[in-house]
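There are 2 protein chains.
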Amino acid sequence: MKTHLSCIPCFFKQALEAARLAGADEVTQKKVLDELARSLGDFSLSDCPPQMGKIIYGLVRKITGKDDPFKEIKDKSNKFALALYPEMKKKVEDSDDRLLTAVELAIAGNIIDYGVKNSLEVEKEIEKFLNQDFNINSKNNKVRFDYQDFKHALDRVDSILYLADNAGEVVFDRLLIEEMHKKVIYAVREKPIINDALIEDAYACGIQKIARVISSGSDAPGTILDICSEEFLKIYNQAELIISKGQGNFEALNNQTRPIFFLFKVKCPVLAQEIDCKLGSIVLWKS
Amino acid sequence: MKTHLSCIPCFFKQALEAARLAGADEVTQKKVLDELARSLGDFSLSDCPPQMGKIIYGLVRKITGKDDPFKEIKDKSNKFALALYPEMKKKVEDSDDRLLTAVELAIAGNIIDYGVKNSLEVEKEIEKFLNQDFNINSKNNKVRFDYQDFKHALDRVDSILYLADNAGEVVFDRLLIEEMHKKVIYAVREKPIINDALIEDAYACGIQKIARVISSGSDAPGTILDICSEEFLKIYNQAELIISKGQGNFEALNNQTRPIFFLFKVKCPVLAQEIDCKLGSIVLWKS
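Protein sequence lines, in the order shown, are assigned to chains X and V.
This note's numbering numbers the first residue of the first sequence as -12 and each following residue consecutively.
This note's numbering numbers the first residue of the second sequence as -12 and each following residue consecutively.
Derived from the structure by calculation, the hints contain no laboratory data.
It cannot be assumed that every hint is accurate.
Since the list gives no way to pick out one identical chain from another, each pair is judged satisfied if it fits inside one copy or across any two copies.
To be verified - No more than 30 Å apart at the CA atoms, straight line, and that leaves these computed lysine-lysine pairs for BS3-like:
{"id": "1", "residue 1": "Lys221", "residue 2": "Lys0"}
{"id": "2", "residue 1": "Lys170", "residue 2": "Lys0"}
{"id": "3", "residue 1": "Lys115", "residue 2": "Lys178"}
{"id": "4", "residue 1": "Lys17", "residue 2": "Lys170"}
{"id": "5", "residue 1": "Lys265", "residue 2": "Lys17"}
{"id": "6", "residue 1": "Lys66", "residue 2": "Lys77"}
{"id": "7", "residue 1": "Lys41", "residue 2": "Lys138"}
{"id": "8", "residue 1": "Lys115", "residue 2": "Lys221"}
{"id": "9", "residue 1": "Lys178", "residue 2": "Lys138"}
{"id": "10", "residue 1": "Lys49", "residue 2": "Lys138"}
{"id": "11", "residue 1": "Lys41", "residue 2": "Lys18"}
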């Protein structure tokens, strides 16, 4: 997906929020914005937003000198999600359609994302999400939710490549992986980028017990194939089925031809318009 | 009021929206954003936001070649507000406290503003505003509403300088001016800037029947004294009482020592934080 002009104001907003999270003073925050402004002329709108995200958060890292501004938030998200695990596991076990509930919860986990909204009141949102009627199709007829296709696709494969998104959310991925009963390779980012899951987050959330954890090689907030490692690309190209979590991975991969199911919440108005969904929709999208 | 770093992403948003309103194609829209980005390093945060607004909308005018992108919106706002006038006049006449109702409606008129939100559904908002309980103090104890002070101040003066804000809103100002029974000078902007009222808008809304209409000399979206005309400054400095409409005028004048009552709706989170009000609050603020 290409970057829209409407993304540009949001880039400045994200850069400012990240600089603040990094503990930068006002002068340094302004330096980050000025430097981003200087880079703007070189941005190519044909690149996808995660490509821009890589540049922006790289700037923040360079100027603030803080390598991982979201470290604390990620640790908190992991702990927070782990504490929710037993309750959510019970929800899956009590469900008439365990797989469906696990899919829905895996998408619910995607609300743990400080990249778009750092003021997101995670706890309240999850509570709201857990308490709502999960019959997604009945709520919003514009939402795409290819659950039957997903179920049939699962029946035909033995193994899955699972592309992670945020820290914390990993716990929710675990619920889904536990229900699929397949051999899973779980791919996270190579280096800190926003609050995206790294190897250490995958381990903190216990994914290594049920999947092989690898890095994609990408340090962008999306699986941009051009910057992924050769090892990852080999796995990606041979995967029987790919589950891709989060908006960033969708933006990076939505034009690919591999058999991918995208699970995400639509977090920005630009993407909502692009795929003709309402902002806030939860999506299960067959490529 | 100084400009905050959080205003910067919003400047890009406003520039983009104005370029689009001016009918610019995507390449020209990008040019506007790039040019704004180039100017950013020169911006002084000690200037007030309307000073920045002047620069930003100046850029849009220069690059798109369209002198008054909001002309159509202003004409529409004037007509729309004029059509509402009889209903609102009746509301004032039926009120137990005619002046209070006129003050409230003058603030309600401030929602006709495409500068902050171009998607504002004006009609719905006015309806909602008109139908709500106008007992403002009871609704939100954080809102400042110095109505008693305003009433007493009015009792002690014969004349008022009234600083206009947006086109359309002028009709709502008329309701208030009609209730005050004072000699009024009504000051509008000198040149097109966003949807702010010009002499032509004041006349379209019939203000000249009840007040002397002048230009402040300012072509910023706020009454920035440094760029006002000498004629205006003489009137401003001698005014017995000043009524200032809108957020832009507040941002430009809130540190001044003249006897000013600011009437506005809080339209952005930065100002809301600055004055410790909720976003969307309606304010009557004694300087």
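Structure-based check of each hint:
Taking the shortest Cα distances, Lys221 and Lys0 never come within 30 Å of each other, neither inside one copy (36 Å) nor across copies (41 Å). Taking identical chains as interchangeable, the C-alpha atoms of Lys170 and Lys0 are never at most 30 Å apart, the minima being 40 Å within one chain and 46 Å between chains. When the C-alpha separation of Lys115 and Lys178 is checked against a cutoff of 30 Å, the pair qualifies neither within a copy, at 32 Å, nor between copies, at 49 Å. When the C-alpha separation of Lys17 and Lys170 is checked against a cutoff of 30 Å, the pair qualifies neither within a copy, at 48 Å, nor between copies, at 47 Å.
Proximity of Lys265 to Lys17 under the C-alpha cut-off of 30 Å is restricted to the inter-copy arrangement: shortest distance 26 Å between copies versus 34 Å within a copy. Taking the shortest Cα distances, Lys66 and Lys77 sit within 30 Å of each other inside one copy (18 Å), while across copies they are farther apart (60 Å). In this assembly of identical chains, the alpha carbons of Lys41 and Lys138 never lie at most 30 Å apart, being 34 Å within a copy and 57 Å across copies at closest. Taking the shortest Cα distances, Lys115 and Lys221 never come within 30 Å of each other, neither inside one copy (40 Å) nor across copies (58 Å).
When the C-alpha separation of Lys178 and Lys138 is checked against a cutoff of 30 Å, the pair qualifies neither within a copy, at 33 Å, nor between copies, at 62 Å. With identical chains, the CA atoms of Lys49 and Lys138 are never at most 30 Å apart, being 44 Å at best within one copy and 56 Å at best between copies. Taking the shortest alpha-carbon separations for Lys41 and Lys18, both the intra-copy value of 18 Å and the inter-copy value of 23 Å come in at or below 30 Å.
Violated hints for the displayed structure, listed by number in ascending order: 1, 2, 3, 4, 7, 8, 9 and 10.
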